[in-house]
Structure formats: C-alpha cells, structure tokens
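Visitor: The residues making up each chain are set out below.
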Amino acid sequence: MEVVKVENITRVYQIGKVETRALQGVSLTIEDGEFTALVGPSGSGKTTLLQMIGCLDQPSTGRVVISGQDVTRLNRNQRADMRRGHIGFIFQFFALIPTLTTYENVEMPLLLNGHTPKERRERVMELLKAVDLADRANNRPDQLSGGQQQRVAIARALAPKPALILADEPTANLDTANGRQVMEIMKKLNQETGVTFVFATHDPRVISYATRVVTLKDGVIEKDSASGAK
Amino acid sequence: MLQIFKMAFRDLGRNRRRTFFSALAVAIGLALLMLMASVINGEMGNAIQSSILLQSGHIQVRSVSFDENKSSLKWEDLVASPDEIAAKVAAFPQVKAATPRLFASGFLSTGDESTGVKIYGIDPNSVANDPYRMGLLSGNFLTADDREGLLIGKPAADKLHLQVGDTVGLSVNTSNGDVQEQVFTVRGIYSTNTYAFDVSTILMPLAKAQAITQTENHASTIFILLKNETDTDSVAAALQGLNLDVLTWRDMNQLIVEFETMANSYIGFFYLIILAITASVIVNTLIMSVYERTREIGILSAVGMRGSRILGLFLAESAFLAVGGVILGVILGWGAVQLFNINGFYIGNMGLSGFLVGNTIRAQLMLDDIVNLSVLTFIVTLLAGLYPAVTASRLEPVAALRAEK
Chain A
1 MEVVKVENIT
11 RVYQIGKVET
21 RALQGVSLTI
31 EDGEFTALVG
41 PSGSGKTTLL
51 QMIGCLDQPS
61 TGRVVISGQD
71 VTRLNRNQRA
81 DMRRGHIGFI
91 FQFFALIPTL
101 TTYENVEMPL
111 LLNGHTPKER
121 RERVMELLKA
131 VDLADRANNR
141 PDQLSGGQQQ
151 RVAIARALAP
161 KPALILADEP
171 TANLDTANGR
181 QVMEIMKKLN
191 QETGVTFVFA
201 THDPRVISYA
211 TRVVTLKDGV
221 IEKDSASGAK
Chain B
1 MLQIFKMAFR
11 DLGRNRRRTF
21 FSALAVAIGL
31 ALLMLMASVI
41 NGEMGNAIQS
51 SILLQSGHIQ
61 VRSVSFDENK
71 SSLKWEDLVA
81 SPDEIAAKVA
91 AFPQVKAATP
101 RLFASGFLST
111 GDESTGVKIY
121 GIDPNSVAND
131 PYRMGLLSGN
141 FLTADDREGL
151 LIGKPAADKL
161 HLQVGDTVGL
171 SVNTSNGDVQ
181 EQVFTVRGIY
191 STNTYAFDVS
201 TILMPLAKAQ
211 AITQTENHAS
221 TIFILLKNET
231 DTDSVAAALQ
241 GLNLDVLTWR
251 DMNQLIVEFE
261 TMANSYIGFF
271 YLIILAITAS
281 VIVNTLIMSV
291 YERTREIGIL
301 SAVGMRGSRI
311 LGLFLAESAF
321 LAVGGVILGV
331 ILGWGAVQLF
341 NINGFYIGNM
351 GLSGFLVGNT
361 IRAQLMLDDI
371 VNLSVLTFIV
381 TLLAGLYPAV
391 TASRLEPVAA
401 LRAEK
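Chains as they are written, first to last, in my numbering: chain A, 1 to 230; chain B, 1 to 405.
Only chain B is shown next, with the shape it has when bound in the complex (with noise of 0.2 Å):
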C-alpha cells in the first residue's frame, strides 16, 4: 500500500506544472464555496442579528391580542403595569436586558416637508437601547425625564434637513383613535448602519411616548435580551407562566429564517456548478494521464498488478490531488474571506425590504463550514478520479504494452 502511496505521489510530480494547476483548480473550486457561505453566513448572521439588537429581540412579551402590523394602541392590546414584568424578568440569570417598549406610528413634519414614522418609546437607561445610544452621531442620548425632546435616524434628518436643536412637528396616534400633535426637539442624529430601520424609526422616552398616546402605564412589548442566544427556549418557556404572548426572535424574524433556508438551497445548486468544474478538471488531468501512461499500466499489469491495485494507484493520485487541492483551498479562502472583510461590501439602501440588513456585507467563516466543504471537495475530487482509475484498471495488458509510450 505505501508502495501505491510512492508511486502516486511520483506520478503526481513527473509533470508537475499540470498537477499544480489541477490542485488549484480544486483549491479555487474550495476557495470559491468557502467565500460564498461565508458571505452568506455573514449576510444572514448580519440581518438577524440587527434585527434581534434593533427590533426583536431574542424575546419579546407581548399582550395576547397585540397586533405588530396595526401597532394597536387600545390598553387591551398592550401590557399592563410593564415595568414590573420587566423586572420580573429581569431577574432571570440568561436575561441581560429586559426592558419595556411602546411602539406607536406617527407623521413627522418641518416646514414644508413630512415623513411617515415608527415610534419607538423606550426606557434610555436600559442597556437593551445601548446600539442607539453607541450609534449616536451628534447631539445627546435621551433621558429619561425628557418631555420634548427625540432622536431621529440619519437617513430621516437627511431627508427632512433636520439638524440637532432643530424643532419639528410630530403628529401621533393616540390610544382612543385621536390624532395627537406636538413640536419635539431634534436631541440627537443616530445610525445603526441599518438604512431600513433608522429612515423610518424615531425614538422618544417611553414616559413622553405613553402620555403622548395616551397610554399611560402600558407598552407594546417586554424586550428581551439574553446573554446567550442558545437559552431562547429554555427562557420562553419558562415566561409561557405570564399569560401573555411569549415570542421568540425566530417567530418575529419567520422572513428572514426562510429567506436563509432559500438561500442556502440557491447557494446548493452553485456549490454543484462549482465542484462539477473542478470535477471536470480532475477527470480531465487523469484522464490525460491514463493515456500517458497507457503502456506503464500494461508493465504493472505484466508484473501481476490485479486491477484494483492499480485502480488503486489513480484513486490515490486524485486522493493526493485533493488533499493538495483542499490544504491549498482552505489557504485561498480563508485569505479571500480576510481581502473581502477589509472593507466588506457595501449594500447602502439595497437591503431587502423587511430585512434590517446592515449597509455592508461582512463575511463570516465558520469552522462548521471549513470542514464540511472540504471534506466535500475532497469527496467529489476522489470521485472525480474513479472514471480514470477504472479506465485504467480495466485496460488489457497487450493492449496496455503496445501503447505508443
């Protein structure tokens, strides 16, 4: 079997312009599916997690009747009494943050142009709010106690002029059906690098956001965050004891879930263009070589080689060709993936509606992956090599010695 091994690897190197080119055609072929899934996994990573920092959480409580696409108001639809909940929950050791959220929509406008809002009333102190808070631009973060002052997203003052201290009218839904009307002041400019949501979404204290809509000691949500996204069910189950709806990230981000396990069927069938390329490379190259070395197949086969040895020998050259290839591959891609992150690639505005995708794409290499597209590449290079090795293996002796060479 080492002697297989020897001549495998010696074959390998009579032309080794050839084999070095075969075994980056695999290494380009590993490099390529290692930057697309990593791409993936950091577009994906990326719009789940801003949306878990920005939006949902990794839970959330919320009234039984509460209906995230109307944003009701009615005290019915709300959570009663929010900040003892909040605190009860708190009090859970996975829980980082848990924290109330009044969600309201509303119409901001300056003098001669307007905008349509979401309104989120949250508690400034709470840790929860920090990608605000660090997002911050100009101006200051909200306080608690603030009663007219806001913080308005970049692409919103932009598109309105508004700079910090500048007045502006906002006209709100109130919890009766009433439409309230108030001149807040512009306290801070902020970015999440989330385009979707800082264009549409203003922030106001949650005690301003309650009076102004004339839901006094109710919110929308209980937000939630954890320290570790894997205890999600553990504690929602846990909160199922509250009567009230228990909703975890994966419920309130179903779009984003199933756009990924599309996506990863998408990226299956170019993984299968990719490794059939380099799997035509590899046949080709041995193929090339059978031929070559028609005659030498007849010597073995003269000296009493059976078949499956030699048959032996091709498969160890393709298994060679892999190995090479992957080493070389998981080298490229993972220096592809570092070129790529330098500076990412920037989406701006482009993101998909309902997606809170960061404006640019990082990608994320998991070792998960790594293994499992080399062991995959290594798997069709090997197979890649049987067509060869068969033709080898059943070539005729005398029609093997009469070869040319």
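Chain A with its partners taken away, still in its complex shape (with noise of 0.2 Å):
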C-alpha cells in the first residue's frame, strides 16, 4: 500500500529578486514498510522534499498524497493535524523540548490526539522502554547525552503511532557509537512495528541501513535503488 506519492512536485523559494528552485519536478512513491534514505549532497532538496512530505511546507506545483489524503489541498491547520495523526518527525539538532521531562516530550502528541491517561502512560513507557530510556523518564532533555536525546525523539515519533516517520539527517550530531545505536534501533523499529521510516542522509553508514536509496542532485531525483532508472 502506498504511504506516500509524490506527483511531479516543485519548490521554488523566492528571496528578493533571486529564485531558488529546491525541488525541481520531483515524483515518488513509498510504500508501506520501507526503510528509504534520502540521499544526495548539501543542497539537492533532500530536507525540502521530507518537508513537503511532512506537510511542513508545501510545493509550488504537483501533489503530495499522504496514507491516500492529498495533502497540498489541506489548510494550516488541517496539515498540524495531519502530522499530529499520520507523521513523526526526528530532526538532527534532536528537538526536544528543554522545559519537559523525557516521558513529557514523548507524550506530547499523545496529549495533543487526546489520549487518556492511563492510555498515554502505557504507551510512553513502552517505548521509552523500546529505546532504552525507561529509566531517565523523569530527566530533562540538558541532563541526557545527543545520542539520547535523538532517542527520545524516535520515541515520541513513533507515540501517535504514525504511518510514517520523517527523519533528517539522524545522526549528524552524533558520534559514530550513537549514530549506529540510533540507526538499528529505528531499524528494528521498523521491522518490528512496520512503521514507514524516510531519511535524508549523505553518511555512507547510514545509507547503509537502508533498504531502498533515492539519490537527489540539484532537486530533481538522479537515481531510485527501488527501480533502478536513473
């Protein structure tokens, strides 16, 4: 089943007189399940195109469709509550709430879908237990190491039990000991959920973990593992 299809997509940033095309007619299918990295060099539209299939931005043309909805006719708020429901995010600066405890970052959408309590608290600690924080549930984000926090970010990306999780760049702030640690956990998470995970990357370790490599150069899709064309 398809999560997520991506219909001949651009994005053009307009800053002054200058144009700037990220995404430059961009199409894609990922299905359910998938282990996709996102690859390319600094500048190939990799972020851009996760945040168009985030609903974090939307295309200049074309069409994003998530789990069947198209989500580039959504409102302002329909799009946070597309992402609220269907999409987990994990970003490389691990973007966490510093003010909230770990088990409070991970419940955060799980509060927001309005889950109950009792509900709320048997999932948090699930996963926290999945990626091995169960015991710093009650730390806050300063008091934890990059590779945990990226941690906390996976889990509270997986909390709402979202079809898809959006990841960028995972381990760029992390050291090699942490990025793999933080690679096989959302590997295992993957084949063990079948939640749908894409990230972006350009470390050939990471790549690695992949089951299916999109290569982008200068916004358009130079080469896809999962067909082959170039």
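Since the hints were derived computationally from the structure, they do not count as laboratory data. Among the hints, erroneous ones may be present.
[Unchecked claim] Covered, in the sense of this in silico footprint (three residues per stretch, anywhere, with C-beta under 8 Å from a C-beta of chain A), are these stretches of chain B:
no.	region
1	7-14
2	274-282
3	300-306
Keep in mind it's a predicted model, so treat the numbers as computed, not measured. C-beta: ideal position from N, C-alpha, C; glycine also.
With the hints in hand, could you dock these two chains into one complex?
Guide: In structure tokens:
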C-alpha cells in the first residue's frame, strides 16, 4: 500500500529577486514498511522533499498524497492535524522541548491527540523501554547525551503510531557509536512495527541500513534503487 | 490544557531574572495605580468629611430665601424657632445630631491687628460640635450661657497674637444692617487641622450670636449629622414637609464633588500611562521569548500542535506573569499605602480655595480599587501578551525549524 505519493512537485523559493528551485519536478512513491534513504549532497533537495512529505511546507506545483489524502489541498490547521495523526519527525538537532522531561516529551503527541492518561502512560513507558530510556523518564533533555536525546525523539515520533516517520539527518550530530545505535533502533522498530521510515542523510554508514536509496541532485531524483532508474 | 499551563510555567522559569523583573514591572505598575487611587480617595474623602463635619453636615435645613454667600441675617432669610425644628429632626432614628447654627460676618481686631472672620453661633452642648470641642488646644470650650467668650482658630490667634484670656474687639453686622461692636474674651484656641476653616472662623454660643446680631430666636440653618451617610437622601426626603429648603451634603459641596469627578478623569489618564509602560515591558519580554524559542515553536508545530494552542501557550505565560505581578503588586501597593500613611503627606495650608482639606493627606485604600485595578492590570498584561502570542502562532513551521536555536 502506498504511504507516500509525490507527483511531479516543484518548490521555488523567492528571496528578493533571486529565485531558487529547490525541487524541480520530483515524483516518488513509498510503500508501507519501507526503510528509505534520501541521499545526495547539500542543497540537493533532500530536506525540502522531507518537508513536503511531512506537510511542513507546500510545493509550488504538483501534489503530495499521504495515506491516500492529498495534503497539498489542506489548510494550515488540517496539515497540523495530519502531522499529529500520521507523521512522526526526527530532526538532526534532536528537537526536544527543553522544559519537559523525557516522559513529557514523548507524551506530547499523545496529549495533542487526546489519549487518556492511562493510554498515555502505557504507551510512553512502552516506547521508553523500546529505546532503552525507561530509567531516564524524569530527566530533562539537558541531562541526557546527544544519543539519548535522539532516542527520545524517536520514541516521540513513534508515540501516536504514525504511518510514516521522517528523519532529517538523524545521526549528523552524533558520534559513530551513538549514530549506529540510533540507526539500529530505527531499523528494529521498522521491522517490528512495520512503520515506514524515510530519512535524509549523506553518511554512507547510515545509507547502508536502508532498503531503498533515493538519490537527489539539484532538485531532481537522479537515482532510485527501487526502480534502478536513473 | 494542563500541559499547556505546565509548559508555560516552566518556560517562565528558564530565564528567572527576566521573568522576575517583568512581573516586578507589572507589580510596580499596579502598586503605583493603587497608591494614586488611594491618595485621591484619601484627599477627596478628607475634603468631603472635613466639610461635612465642620461646615455642611449631612443635611441642612434653611429658609428658602437664605443665601449662603451673603450670610443674610434678615429674619425672613432665617429659620424661626430653630430649637423646635432641631428637636423634630433629632427625633428621626437615623439622625445623630440636629442643632441650630447662626452664621454672621464680622471683623476681629486687637490694638494693631485685624482680620475678617465668619462667626458661627453654635449650641455648645450639641454633639455636632464635637470636632471643635475635641480640637481645643488651650483654654475651655464654650458654655451656652457665656455672654463674653469666643473660641478662635489657631491660625487666626497666631495672626492676631492672641492667647487664652486675651480680649479682642468684634464688629458684627446685625439683622437690620447696623454694626454692633463688643469686646470678647478668648476662652479657647482650637484647631481642626483644616487651615481654611481655622483661619477664618470664630465660634460663640448661639444665644450670644443671636443677641449681638439681633436675630433673636432665629438661626441660619439646622445643621444635621446622620448616623449613616447612606441615609442622606431618605432623611432629606422626609424633611421636605417642613416648608424649608433641605440641602444635602452633595448640594452644599458641589465643588468638591465636581473636583472629584475631574480628578478621576485625570487619574484615568495617569492610569493609561502607567499601564502602557507595563504593557510595553510585557510585550518586550514575550517577544524576546518568542524569538529565543522560535525553533521550539517549530518543533511543537511539527508534532502537530495547532496555532491556536501555541497562541494559548504564550497567553498562558502572560497570564502567569499577570497573576504573579498582580499578587506582588497588591502587596507592594498595600505596603506603599502603609508607608505613605506613617506620616501622611503634609500640605499645611496649601489646600485649594473653597476646600476644607486637612493639613495632612492620608491615603485611603478601598477594596473596590484593589479589585478593579488588579483586574484591569491582569487584563492589560494579558492583552499585551496577545501580540507576541499571535506572532508565535503564525510562525511557519519550516521557517521556525530553520531558526538558529
């Protein structure tokens, strides 16, 4: 089943009189359960494409369909609802709320989705165990290492049981050991829960975990390992 | 919702010094408002109470043709058989005291000094005259049968270099337009701490005042004090059947009442200035907070928090600042009023002409003012938080996530 369908999207940024084409007619389909890497050099459009798929931004032209729904037609609030219910995010900079504890950070999407306290408690503890941070539930982000913070971010992304998790350079700020641990957790969760992962990276060690590699260059897909197309 | 408040509360704790000073700005603003309001209350209340106790009473009953400015002594302008009318009025259960008074103008002179005075002929036994009795600085109070004694206010005594026991010449207009002169003895020197009254008013027994002014069994007015000021209108209405002019303290103190209205308008203007300064501090604090947390706002947005909730988060922060500021402000304001009242603000004889203002202003803090000003400050602080909150809620997630921090 298709989780993501991107149809010929472009994204043009206008900064003053300068027009930058970040994406130039990208089409891509990602099936349920894939573990897909978007690779390419800086400025190739990886992050922009993730933002389009994640409903954080809207394409200038073209269409993005997530779980059967055309998200390019949604308004601001509807896109927020779509992110809350269907998409989890993992960012390069860990992206935890510094005033909330580990537990509360993971709980946040569940609160927004209106889960009961019991449901939230069970789900949060289940996820913290899965990322091996149950004993850090009451710590604030500044009391955790970078690798631990990224594992909290993974748990938070998984909390609402999304169909899709998008990760932008998830290991870029981590040392090798922590980077490997994060990727192994992501891979394990992908295999155990079947959730679809799409992650942007240019780290060859990270790419090796992917079951599919989509290579971008200058805003177009240069290569897709699934189709072998160039 | 609870999580929003929890986050808002913790966000304020990130930069505690900034949060403290922002709440302090709200608190100082509120404390200033409370102090201003209580000083105005104190001054206006003082003026009205001084006037009621010393000059107007709560109600006066006069002849319909009496003109206060002329202090006419013609019989037709006076109240005949005033003791009988006073007794009738005193029978009302709401009335504390009802006593006749005769007003006349005169000229007080010693060997080389002289001054114009207003003469109050009073019943020395009436409790309505207690403010003069209690203000006696030296000598004795008047007795009803005293035919040669008078009381003089301290500023006038100082001006004429008079002491208790000294004699002084008094020239008085009479009811038929003649001038009577007689030598009086200063029985006592009083002070009501109200310069404008004390410098110009001498007191003598009503019977003597009636005799010297040839007004016989007449008085200028029946001076009425009530047990409770709120009964003024009902008692005044009940007295309408006397075929005399019935005036309430509001009728007789229109200048003060109008001045109070004007003062309230002015104070409203100062309120606006203080609140605007307070609001600008809050806007500044929260705008800083929005800019510092732009990336976090992006994260919240990425995990699906709607703009309305982000708006609520920042409004909750301004609400916390407002609550903290208001609580601190009430304490500071109360403290400032207490400090102000340790010695009061001495204005000496600087009172406005036509006002019987005491020589010391004391602040009077009213519960109504505390509640109203606290609510006003809370609302203004909350409104001040609206602009930063809207700014935060409208941030585009992508732009917010791209922020440095």
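Visitor: Each of the hints needs a verdict: does it hold here or not?
Guide: Each hint tested on the structure:
1. With 5 residues carrying a beta carbon less than 8 Å from a beta carbon of chain A, the region 7-14 of chain B meets the three-residue requirement, and the given coverage holds.
2. With 0 residues bearing a CB less than 8 Å from a CB of chain A, the region 274-282 of chain B misses the requirement of three and the coverage assertion fails.
3. Counting residues of the region 300-306 of chain B whose C-beta sits closer than 8 Å to any C-beta of chain A gives 7, which meets the bar of three, so the coverage hint holds.
Hint 2 alone, counting from the list given before, is not met by this structure.
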